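Anchor point for the sequence shown: position 269 equals 425 in the numbering used here, and the numbering is continuous, going up by one each time.
You can trust all of the hints, since none of them are fake.
Taking lysine to aspartate or glutamate and the EDC-like style, the derived pairs with C-alpha atoms no more than 16 angstroms apart in a straight line are:
#1 K233 with D218
#2 K384 with D409
#3 K726 with D647
#4 K527 with E490
#5 K246 with E215
#6 K641 with E675
#7 K246 with E208
#8 K698 with E730
#9 K384 with E413
#10 K662 with E627
#11 K246 with E274
#12 K634 with E620
#13 K246 with D218
#14 K641 with D679
#15 K637 with E616
#16 K673 with E616
#17 K637 with D610
#18 K726 with D645
#19 K257 with E208
#20 K194 with E337
#21 K257 with D268
#22 K641 with E676
Pairwise CB distance ranges, derived in the manner of DEER restraints:
#23 I345 with K194: 13 to 21 angstroms
#24 A452 with V379: 29 to 37 angstroms
#25 L411 with L168: 34 to 42 angstroms
#26 D636 with S603: 25 to 33 angstroms
In short, the hints are calculated from the structure, not lab data.
Keep in mind that this is a model prediction, so the values were computed, not measured.
We put the CB at the ideal spot given by N, CA and C, even for glycine.
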Amino acid sequence: MRVSLKLSQQGLILVGVPVGLMVIFLLSLFLLLLRVEKEAEEADHSKTIISEANSLVKEYYDAASQLIMYRYTRDEKERRRFEDQLAGTKSSFVKLQHLLKDDPQELAMLADLGGIAEHGMALMRRYERYLAGAEELNALEVAILYRQFTSAGARFTAQLQELVSHESARHQVSSAAEERERALVKNLIVAGAIAAIAIGATLASFFTRNTVSRLALLMDNTVRLGKKDSLLPALKGDDEIATLDRFFHKMADDLAEAARKERAILDNAVDVICSIDASGHFTAANPASLAVWGYAPAELVGRHYSEMIARDDVPKFREALERIRVERVPLTLETRVVGAGAAVLHMSWSLRWSEPEQSLFCVAHDISDRKEVERLKQEFVAVISHELRTPLTSLQATLTLLESGAYGQLNDTGAKRIRSAESGVSRLITLINDLLDIEKMEAGKLSMTFADLDLADIVERSLEAVQGFAEQQGVSVKADKPSVKVLADGDRIVQVMVNLLSNAIKFSDDGGGVEVKVEEKQDCLEVQVIDHGPGVPEGYEKTIFAKYAQAQSPDGKKRKGTGLGLPICKAIVEQHGGAIGVRRTEGGGSTFWFSLPRR
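Construct the complete structure from the given sequences, taking the supplied hints into account.
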């Protein structure tokens, strides 16, 4: 029979039933002990009554004995002892009356006995008065008196013996009842212990067998899950084990679904996902290996990675494999892979070493297209550098000569056209220089020449570079020029300041002003370029330093720019070990700042 009880309920039964039985047992035992105690008290009461009755008889006869002794000795001491014995007899009567107060029958017997005793003691007192000479009696009267108190003593003894016999019978009944109750207590203790042990063992065995069998089924399902076998049917019931088994089945279903999805992801992934053992051989691969490398997974398994990776890149891959096994951290590297048909592919590898499996898990992403784009980009940059910047620089010089009148004076229209052409050529050269700087920045080849420089000279050079533009825009520029030494590339820092000053002038209103301030801090110098224009829109404080990012001015005006100046400034400052940012200027405008480590 399967009991559908929760483990907590089973526990309550296992504990509650023995405890309930123990309570009943203890209650019954307590009641029996009360009865035993009552029977013992009654037996002790009977003993006390019998003892007191015997004392009464003894005192009564002692009084008679003392009276007879006084008859022969005429000793006053004997007479006083006689009086004392009579007083003790009365005291014993009082005690017996108190002991027999709850028993009307024996109390009536004691009353009869008391009458006999009073009569006998009155006769003894009369005889005592005769002996003391207080009362005169003739010989016949004395003989009659002596026979009377002797006869009274006999009746007193007989009556008292009847009382004692009656109480003795009651004592025997109480003692027998007490013995029976004690025997019953012993039997109850033994029976209760046996019953508690038997019931507890039966319940424990039943519930344990039930629980163990269900746990065994759960363990069997665990083993089956590990072997990927079908699970046994779910347990029925609402107890914790059945609930756990249902969760286990759900977990198994979820794992199967996750494995199916994982397999689907692996099978449909465009990247090659594979594993390589400690000896360097492929142990598994997804179907993408056929599409990317031209080798099916079955063809790839067993090959050494050196057979797939280009010969020149094998040492790099080997070093990465040794490093990842030592450092236990994921690595990323790029190599060339020779696919089917000798096709060379550029791959980006994401590598992770698993110590328990002693395997390298790899995700290889084809970056051949990106490499081709980079190659085209490099060719484009080379074309810009050599085929555009050089002719444009020559053209700019020629236009400058024409404007200065080196080839003759131009009319107003011609001079205006020349200035417009020169401005356009300057913008093109600036754009080309920015593009070249961005390329160097991304390649990590932005060259720097550091030297001990005076920050005042750098600020002065920057102001001279933008003075003409500021006058053209009708903007005044004021600057702090503290004489502070910094370790920097002067030309690059001037480039940063010129860019920030140009932007500040460009976004300032006619007649406005731009300020340059230098704050000396504990470990760095902070250079601030402050304008009072519309300011940087909220939310653009960080994105404004990204490539080609240009925030829309709140006043709606279009300002020319490439969106490359600020990213170049950020790269230059960071290569100096500093930081750059922007914040709102109190009263309106923006404050672009950058920091340089102190010398």
